[in-house]
Amino acid sequence: MQSRPIVYGSFASLVTKNDTVSDPNHTHKWKVYLKGADGEDISYFIEKVVFKLHESFAVPIREIKSPPFQVSETGWGEFNIAITMHFVDPNEPPITVNHMLQLYHKDDNPLQKKYVVSEHFDELVFTSPNNDLYDALVSNPLDSLDRPHPSSTFTDELEVEEIEQLTAINEKVLAEIEIKRVQLAQLEEELRIINENKAAASTPIPIE
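Heads up: the sequence shown is residues 1 to 208, going by full-length UniProt numbering.
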């Protein structure tokens, strides 16, 4: 018997003005995925992953035959996504797990991060794998002590995107500060001229 840990879930964020969306009513961009719990390449035992989205999508069934096993979309509503794993061993029946796409934080805490993360950890158990699959599993051992918490499996990707957004915001703030600095300098110059004019007007003209 062999087993392999997996993580499946989604993360979502608000659509920005730089994002391209198919429907102007879409408020969020999101990604649903299935991956190895420690970031390993799971394609040596998973042949393909089928994601069943909401029927309102033009193509609700998405078949992904190579990693990364994920689907990216935009939308406004939350719904259940069926994730079906098909294995390289034809004797292994497909396994389906369900994930509820989460776009909104569960509370109204204004300090919440702009990303909404929902993940699940699971373990696939192969009781009687064929020889090829068994050899592949044995040749790719995992250290169970190093399994990360599910919410940390994509931290780097989120951090890169967040850094890019923070950089853009910082540049915008700096530009606005420069505009205010120029405006302040102009006001100070206008005030100086007004004061000089007042001083000149109050100075008595000598009578000869």
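Hints are supplied without guarantee of correctness; some may be wrong.
Each computed BS3-like pair below joins lysine-lysine, with the alpha-carbon atoms no more than 25 Å apart [said to hold, decoys possible]: (1) 65 with 48; (2) 106 with 48; (3) 29 with 106.
Source of the hints: derived by calculation from the structure; they are not laboratory data.
Now the hints, each set against the structure:
1. 65 with 48: Judged against 25 Å, a Cα distance of about 4 Å means the pair holds.
2. 106 with 48: violated, 32 Å
3. 29 with 106: holds, 18 Å
Hint 2 from the list above is the single one not met by this structure.
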